[in-house]
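Student: Sequence:
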Amino acid sequence: MSSSASSPPPRLISDELWALVEPLIPPRKPAVHGRTGRPRVSDRDVFEGIAFVLSTGIGWAKLPAELGYGSGWTCWRRLHEWAEAGVFDRLHVAVLNRLGERGELDWSRASLDSVSVRAKRGVS
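Residue numbers (the UniProt record's numbering): 1 to 124.
Think of the hints as simulated: they come from the structure by calculation, not from any bench. Some hints could be false.
List of simulated lysine to aspartate or glutamate pairs, DMTMM-like, C-alpha gap at most 25 Å [stated by the list, open to error]:
1. K62 / D43
2. K62 / E81
3. K29 / E101
4. K120 / E104
5. K29 / D43
6. K120 / E101
7. K29 / E81
8. K29 / D106
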């Protein structure tokens, strides 16, 4: 019986997208009194774990460790840290800018609703 080394899963996030994301992620907070705890899962792996959970609908606690994304709770915590730091808002703008630079946005198919733009009262 031969044992084959398991290869990591294919990347969900392209190198091009990661190049936009990485500079937006805030630096890691310094260790308190030199304590570092467990080794930190890389930001890219966690970002891919977040993408996996959000694209599959799997629960955070059910994220398989074998995928190498860190625990579901690690992904969940960083999702909230990064959201509070504005990472995803800035990423949205960066992606739109990149697509606009390439002429790949078709604004003729854009739409807005009252969630996106506040409607003024009393205006007909």
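Student: Does the structure break any of the earlier hints, and which numbers would those be?
Tutor: Violated hints (numbers, rising): 3, 4, 6 and 8; every other hint is consistent with the structure.
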